[in-house]
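Residue numbers (this note's numbering), protein chains in the order written: chain E, 1 to 324; chain P, 1 to 324; chain Z, 1 to 354; chain V, 1 to 354.
Simulated from the structure, these hints should not be mistaken for laboratory data.
Chain V stretches covered by chain P per the calculated footprint, using a threshold of three residues with CB under 8 Å from any CB of chain P:
{"id": "1", "stretch": "103–117"}
{"id": "2", "stretch": "122–135"}
{"id": "3", "stretch": "141–150"}
{"id": "4", "stretch": "171–185"}
{"id": "5", "stretch": "324–335"}
Computed from a prediction, not measured in an experiment: that's the story for all the values here.
Beta carbons are placed, not taken as given, at the ideal position from N, Cα and C, and that holds for glycine.
Residue-level listing of the chains:
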Amino acid sequence: MTEVNLAQAINSALDRALEDPRVVLLGEDIGQTGGVFRVTDGLMEKYGAERVIDTPVAESGIVGAAFGMAIAGLLPIVEMQFMGFSYPAYDQIISHVARIRHRSRHRFTAPMVIRIPYGAGIGASEHHSESTEAIYAHIPGLKVVVCSTPDNAYGLLSAALEDPDPVIFLEPIRLYRAARGALPEDGDPTPIGSARLERKGSDLSLISYGAMMRETTAAADRLEAEGVSVEVIDLQSLVPIDADCLVASARKTGRVVVIHEAPSTGGFGGEVAARIQEQALFYLRAPVLRVTGWDVVVPLRQAEHHYLPSVERILSAAYTVLED
Amino acid sequence: MTEVNLAQAINSALDRALEDPRVVLLGEDIGQTGGVFRVTDGLMEKYGAERVIDTPVAESGIVGAAFGMAIAGLLPIVEMQFMGFSYPAYDQIISHVARIRHRSRHRFTAPMVIRIPYGAGIGASEHHSESTEAIYAHIPGLKVVVCSTPDNAYGLLSAALEDPDPVIFLEPIRLYRAARGALPEDGDPTPIGSARLERKGSDLSLISYGAMMRETTAAADRLEAEGVSVEVIDLQSLVPIDADCLVASARKTGRVVVIHEAPSTGGFGGEVAARIQEQALFYLRAPVLRVTGWDVVVPLRQAEHHYLPSVERILSAAYTVLED
Amino acid sequence: MLQQLACQIMSGLLQILSPDGRTVNGTQPQVSTVIRRYEAMIESRLYDRKASALQRQGRLATYASYAGQEACQIGAVAPLSRRDWLVASYRDAAAMRFFGYPWKNLLLTRIGDERGGCPPEGVNALPPSITVGGHMIHAVGIAWAEILQGGDAVALTMFGDGATSEGDFHEAMNFAGVYRTPTIFFCQNNGWAISMPRSRQTASPTIAQKAEAYGFGGVMVDGNDVLAVEAAVSEAVGRARSGQGPTLIEAITYRMNAHTTTDDPRRYRDNQEVEEWQKRDPLERVRLWLVDQGAWDEARQAEAERKATERIEAAVQEAEAIPPFTATEIFDAMYATPTGALLDQRRRAQVERP
Amino acid sequence: MLQQLACQIMSGLLQILSPDGRTVNGTQPQVSTVIRRYEAMIESRLYDRKASALQRQGRLATYASYAGQEACQIGAVAPLSRRDWLVASYRDAAAMRFFGYPWKNLLLTRIGDERGGCPPEGVNALPPSITVGGHMIHAVGIAWAEILQGGDAVALTMFGDGATSEGDFHEAMNFAGVYRTPTIFFCQNNGWAISMPRSRQTASPTIAQKAEAYGFGGVMVDGNDVLAVEAAVSEAVGRARSGQGPTLIEAITYRMNAHTTTDDPRRYRDNQEVEEWQKRDPLERVRLWLVDQGAWDEARQAEAERKATERIEAAVQEAEAIPPFTATEIFDAMYATPTGALLDQRRRAQVERP
Ligand SMILES: Cc1ncc(C[n+]2csc(CCOP(=O)(O)OP(=O)(O)O)c2C)c(N)n1
Ligand SMILES: Cc1ncc(C[n+]2csc(CCOP(=O)(O)OP(=O)(O)O)c2C)c(N)n1
Ligand SMILES: [Mg+2]
Ligand SMILES: [Mg+2]
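Here chain E stands alone, though its shape is the one from the complex (with noise of 0.2 Å):
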C-alpha cells in the first residue's frame, strides 16, 4: 500500500480513466506542463496531444466543445484552471451541459466531468482561492462532488465517470500535497449521493467537505480529547445529497455544526440547516449552526487565515451548540 497525495489520487483515477479510448481531457495548460497543479502531469506524454488538449484561453469554449464532444459520444473530462476561472463557462453549463437530457427528453445526453480546482489556503492572487459550489448545486442537472482524500478523490472521480450525467467535480487545493493517503484497493468507485461516515459519535455531528473536513476532524480530535463523541460527516456529494445520513445524524446527536469555506449567505450550508429542521427539528437541542468563511471576498494571502473557519471557530460553535 502506496501513500499518495490527492493530486496523486486524481491523476491515477484520470490516467485509468484514458484507457477507454472515448476519454478526452481538456483544458487549458494540462498537456505540456501537466496543469498547473500537475494534476494531470505525464497523461499527455502517454496519451498524446490529441487526448490530452491543451486549449486555448477560452473557458466557455473549454467547456462548450467538450459539450459537443459528449454528444458525439466521446467522454470529456475538462478541467477550468481554477474555480474563479470558471464563471466564464457558467452560461455554457447551466444553459446546455446540465439541461440538454431534459431538454430532449434523454435523446441527447453529455455524460462529462468537469473538474474544478477550489478553495482558499494558499496565498493565492485574487480569484484563486473561490469556493463557490453553492451556485453549482442549485442548477438541476448537475451533480456536484468534492473530494477530500485521496481514497474519495479517486473513488469520486471513478464514479463521476461511470455517470451518465454531468458530474462538477470539485478539487480542494488547499489539499493537493497536504492530503496523503492510499487509493482504493480494489479502485472501485465511491457511489455519487453518499455521505462518507468520518466517525461515529453520539453527543455532536459535525458536518462538512472538501478541504475543511481538515479542521472539522481537527476539531472533533480537540472535543474528544475533551471526552465529548462527535460523529463526524464528509458530505462528498453535494447533490444529490445524502439527507439519509444527514437526518440520521441529527436525529441522534441533536447538535449539528455545519462547516464550509465558502461565504454564509447563501451558501450550501444553508441548504444542509434547513433540511435538517425540516426533518429533525423535534430533535434538535441547538440549532444547527454555520460556520463558514465570511461575507467578503476571500482576502488575500496577508489575511486569508482570517477568513477560513479555524478550528477555534469550530469549537467555539461546537460548545455553543454543546450549551444548549
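We have chain E already, so just place chains P, Z and V with the ligands on it with the hints.
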C-alpha cells in the same frame, strides 16, 4: 391617485432617474422598441439614443461596459433581457462589478443597477422563466432586491439608484401587467434591506418575495377565512436580508412557511430557514417548510403550471405546520 | 464548377439565380434538383404560415417566423448527409425539417412540450437553440469528436447576425480555426436582431470577413438564392470533409415578418424596406426559372401545395394529440435516474396537487 | 512623421530602433526623451529583479515577471496624459508604475494586501486585472463615458496574446468598433500564454489583423523597441482623442522568465528560443543608441541604477511596514456601509478569534 402596473411603475422610476444626467440605460432592444416588455417605452425618444442605448447582443459586454462607465462617474442601469440570458454576464458581475470596491479599498466603485426580468408563468420558451436569484444572493459585494408591487418597484429602484453599491434588481415578469397599484405618494425610496410586512398575524408566518407574493397572499386570504391569523412578509431585499423582521415573526408565530419559485436545493429559502432556526429554534412549533419550484428545469408552457408553487401547495404546507 | 464558384466568391456576393429567375454566369442547374428544393421551400412557407396562424389562435406559445429565409434554410442543409450534424436556432425550423427533424417535433416545442426536443434516432440535429450564440461551439465539439473518432461527418451550425456579437461566437470560431474542425458556420444575416439593425451590431463591413481573424475563409452569398446557398455550403462541406477545416458563410437575407409573434417591427423599421425585399422573394425566382424551363405550372404548384398542406396538417394533428405532461412526468428527464430529492418531490407533487 | 509611420505600419512590423541600436528609416529621436524612457526601463528591470528575489524569499506571494517586455510597458503608457485611463493586467507593473501607480501599491498586491489596489487620487489606473480578458471591456466603458461626458480622455488597456481567445476580448472590440470609443487595445504578444504558444492560441496569422473584424485598424509593432511602441501608441491616442475611434496594437515581444514564480517554462519551451530573444533585449538597443549619440556612459548607467534601486528599496520598506489587516478590517470594504450580516460577522470574528 392613478393606478399603474408594475412595468409602468418601473418605467416611471427610470424616467425620473434619467433626469440625473449621470444616468444611462443599456440593454438589448431597450431603445427603439422600448424593451421586449415595454418597460423602457418612450425613454429613448425622450432622452436620446446616447443615454438610452441599444446594444449588440452581448451580455458580458453590456455589463462590462456599464462597469467601466460607472468607474468613470456615470450611473448605468443595465437591462438583461431575461434572467436566463444574464449568465454570460455572470463573470463580469461576480469578478468585477461586485468586487471593485473591495479590490481597491473604496478607491474605485461601481454603483449601478442591473435589472433582470425573472420568473415563470407566461408560458415562455426555455431560458425565459428562470429564477436563479440564489446565484446572485451568494456574491459578497452585491445587493439583491425583488419587487412585487408598483409601489415597491418604484421605491426599490429609486433606492437602488441612490445606493453607492451595485444592486441586482429583479422584476417578476408574471407581474409586469398583472400587478397594479399606486406609485408611492412622495416618490420616496424603499429602504434596501427592509422587508415589507404585508399583513400582521399571530398563528403562522408566510415569507415570500416577487411574483410568489400573489399566491402567498391568496393562500393567506384562504387561511384567514378559515380563522387562521397569518403574518405575510414580502422579503423585498434578499441581500441585505431583514433578519430582525423574519426572526421576530418566527418567534411570534412559531410556524413558518417560505415560498419561492426557484428550485428548492440551494435556493434562497434554505438561507431563510437556516437563519430562522439559528435565531428562533426554541420558538418553533413546527419545522420551517419550503414551498418552492421543484428541482427541475422550468417546464415549457404545457406543464409549467405543475412547476410553480400553487396556492394549494402553500396551503398544504401551512396545514402541515399548523398541525404540529 | 468549383473553380467558377470560387471566382464568384472572390468577387463578392455569390449568386446563381437572379431575382427575376435567370441564372447568372451561365450555370445550368439540374431541373429535378431544383424542383425538390422548390417543393421543400413551398412546404416551408406553408408551415410558417400555419404556425403563425396557430400562434394567433393561442395553440402555440410564441413562434419565430422565417418567411423570406427559406432559401437559406433549404440551401444550407441540402448538401448535408445523414451522418452529418445540424446545430441550429429557434428560427431554423425549415432547415431542421429538411434535415429530417419532424414538423411534429418542431410544433411540440412551440406548443410548449419538451418532447419536441426528442427527434427520432438517426436525426443528428440538436433541439433548436434558444439562447443566442451558445450553440455554435457545440458544432465545433461535435466536429472535433468526429476527427478524433476517425469519421468524416461535418457539423453545420446556423445562427443570425446578432449572434456574432456574443463572446461564444468568437470562442467557437477560434477553436474551429485552431483545431481545424470540420464545422460550417452558417450565418443568416437577415438584417435585424430584433430591433437592432445589422449596421449597428458590428462595425465590420461584412460578417464573412470575420473568419479571417480565425485563420480560415469566409464567403458571402445571396441568401435568397437557394442554388447559391447550396453551392456555397457544398463547397464548404467538401472542404470540411477532406480535412481542410471550417468555413464561415454569410447569407444575406431578410426576415419578412416580426422577430417573433410578440414583436412589433413597426417600432423599428420602415415598411419600405420590407417591400424592397418582397421583390427578392426566395421562392418566386425559383418558380420563374422552373416555369421558364417548362418544368413548372399552376397545376404542379397547386399539387405541391396540397401535398405539403396535408403533411403539415397531419403533423399538427399528431402534435396536438399528445397529452401534456402530468404533474409527475416533469421529473423524469433531469437525470438518467432521478435523485432522491426528485423522487421525494415527485411524490409530493402527486399528493399536494391531486 | 505620421505619414511615414503609417507607411511602415502598412509594410508590416513597425520598428524605429534595431536590435543593434541603429535607427531605421532615418528617424531622429530626441535624446532627452530617449533618456527618460531608458531610465524608466532601467528602473523597471531592477524592480522586476527585486520582486522576483522577494518572492523567492517568501516576501511576496506569486510574482509575474515582465522582463523582456519593458519596451512595451514604457512605450505603451508614455503617450498617455494624466487624465487618460490605464486598464492593465497582472504582468504590467512597469507600465502602471510609469503611469503613476506607486511601486508600493504594486508590491502590496503581491505581498497579499488589498490596499495595493488603492492608488493615490488622480492616478486613473484600475488595479491590475487578474482574470484574463475581462478587463478590456472596462476600458471601453470608461472611454465611452468620456465621450458621453464630453471629455477627450482615452483609455488604454493592456493584455496578452492569450487574452485574445476569451469571448470578452471579442465583445470589447465589437463595442469599441460600434460606438467608436477612444480605446487603445494594446496586446503584448509575448509568444506564450503560460505553456500555450501563440501559434496554437489562434490560427490567424497576426493578432493585429483581428481589428478588421470590428471595423477598425490594427498595427503590429516591434514590442522590444520602445520608440516604435511609443510612436504607434501616440498615433492611436491621437486618433482616439480626435474622435476617430479605437485601435488595436500588437506588440511583438517575449517573456524572458517563467509565467509566474510558480511556473517552470522548461516544461514547454526550448532555452534556445529564450537565447534568441536575449539578443533583442529592449534595454540594450536603447543603451547602444544613446552611447552612440554620446549621451550615455557607464557612469550615467551606474547613477541611474543607483537612483532606481533607492526608489525601489524605499517602496519595499514602505510596503512591508504596513501591518496586515486585523481580523475585523477584512469586513470594511465590501460595501460603502457594512450590511447587518457583515456587522454581525465582524463582531463574531472578534469574539471567536481573540
Ligand atoms: C444569450 C441571449 N441573449 C439574448 C437573447 C434574446 N434574443 C433572442 S433573439 C435575439 C436577436 C438575435 O438576432 P440574430 O442573431 O440576428 O437572429 P435572428 O433573430 O435575426 O434570426 C435576442 C437578442 C437570447 N435568446 N439569448
Ligand atoms: C479567465 C481566466 N482564465 C484563466 C486564467 C489563468 N491564466 C492566468 S495567465 C494565463 C495566460 C495568459 O496569457 P497571455 O494573455 O498571453 O498573457 P501573459 O501571461 O503571456 O502576459 C492564464 C490562462 C485567468 N487568470 N483568467
Ligand atoms: Mg438577424
Ligand atoms: Mg502571452
